[in-house]
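K.L.:
Chains as they are written, first to last, in the working numbering: chain A, 1 to 320; chain B, 1 to 293.
This list has only true hints and no planted wrong ones.
Straight-line distance between alpha carbons at most 25 Å, and here's what the computed DSS-like set of lysine-lysine pairs gives:
hint, chain 1, residue 1, chain 2, residue 2
1, A, K320, B, K89
2, A, K320, A, K271
3, A, K271, B, K12
4, B, K215, A, K97
5, B, K89, B, K2
6, A, K271, B, K50
7, A, K3, A, K22
8, B, K215, A, K171
By construction, these hints were calculated from the structure, which means they are not laboratory data.
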Amino acid sequence: MSKVIFSIRRFNPEKDSKPYYKDYEMNVPEGATVLDCLNLIKWTKDGTLTHRMSCRSAICGSCAVKVNGHPKLACKTQAAEEIINGRMKIEPLGNAKVLKDLVVDLEPFFSKFQKVKPWLVTEAAGSQQSAVNVKETRQSPEDFHRIDAASTCIMCASCVSDCNSWASNEKFFGPAVLAKAQRFVDDSRDKATLERVINLSEANGIWDCTHCGECVERCPAEVKPMDRIVSLRTTAIKMGIVNNNGARHVEGFVDSIRSSGRLNENIIPVKSMGIFNIPGLLSLIPVGIRMFLKGKNPPIIHKHIDEMDDVKRIFKRLKK
Amino acid sequence: MKYAFYTGCVAKGAGRELYSSSVAVAKRLGIELHELTNVSCCGAGVISEKDPLLSDTLNARTFAIAEELNLDIMNICGTCQGVMMKAQKSINGDVKRKGNINEILKDGGHQYKGKVKVKHLLHILIEDYGIDKLKRLVTRPLKGLKVAPFYGCYLLRPSAYSNFSSPDRTTALEDLIIALGGEPVQYDGRSKCCGFPIVMMNKESSLTMSGISLKEAKEKNADCLVTPCPLCHLNLDSYQPEIDKIVQTKLNLPILHLPQLVGIALGIDSKELGLNKHIVSTEKILSSFLKGL
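Construct all of the structure, not just a fragment, from the sequences and the given hints.
P.N.:
Laid out in structure tokens, this is it:
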């Protein structure tokens, strides 16, 4: 057993004007999880400490808290691995309003799932036909494999806690919701794929993810939300839902590499905005002028790489 | 020490000061560079959204060319580094995929074996060159300079594609700043996202991301910020006037590329480092270190 100082962020909105950190010194029993430690603190040191827990088996997702700055399932995290110089910092999840101590308001998180219709849309669902008369819809193992990763989500909100796009734009659907969307877009039994992809391609959807990788890093399951979002983008492009800056950016980027092997930074912003998007194009002018005046503008004559023929051959071979 | 030098697109385009400073620093340190002029863009995580196989094939071609030279790859862009690491893992972990890709590469006379190592300059300075050796070459210690480290996402996350053994706890940039005589600023923004990948899709959100970290660095009294990723540099520097408006603060925080900071401490000429090529002037805050260089 080793003595550890747990620095826990406390906040009771009924009493405190702002959050504060309270230290608890405690022996950490061998094999204890962070949740075991939180329970020991509550039961033996300070009954006013408030935290969530339920299954203690990494299934329910209720005990997610920040441990040393990043979200973890308290029940799945060995305390010994999180002790840094004899200390451990525990805080509520980020990107959420604190209700009390380590408990955050998850309502905004849960309500966003409605935006992506997290249920199967089948022909039967829209008809008056009784479910008992509908033939079973089978799914091959290969088809299931496409939705397997997203299906492991336990909705603990760890991904949202560290999501950079959510932090700067609360309207962003967020990684968990978009992963859930992929689970239905790629479900071979679903009949609303096009409608879903159109909805997801709107503002605050798939094209607002910034690729920061935090969700992949923090997810305690196997969802890898960013990979699911990338998959949705690929699907959107394949389905021709390309009238938006995100999809145009991808198409313009690929065009540039196909023609010169490297990115033409003079052209890509224009292609991303769209040549008929006058406000978008105008918004590029100030930064363009600023960079030009500092000699930071990319060379006017865009040179291709050496051995460009080989790169062109690869594009041709892959029919891109 | 010799590397296959992968410049990436930005160092040849809107961030040419990254190229010149990297070359100057490598020369000063005696690191030999073989510049790869016949390789394509890494895809920046964008091409793979159109077609993952195309992205992996283009990167495999780059790997094969470096292998033919019997050299490991040196990246100077955090995004190139992360994308290449991901591609390499995807190819190396799937024998069938590797076979398919080599079949495509064959007609161009290339074959990817899977042995090349992909490293970022930061990793090379810390692990291959050695921080103590670098420290001995510092002629102008950055004494009193408070530098905010800004890693950029791709160098750290997902950790499965990072060269750093513990990306959440790595102190590579901080260690480097200390070795150069400076003082690293401790702030949460160090490992956050600059927002650049969505600047064309949602400018407000993108620049807010930069703003959150820049404001925090400024509040922690940073004199400047250093980043090993030129895409972060584009958002943090080129868009800083717009970011000022979003965070309602005149930030005036100079943003340095990693080799520029190293170059200043090594006494390299400021023009060679391209310190005059920034939107936010580096002159005012760094003047005491640049004088006489």
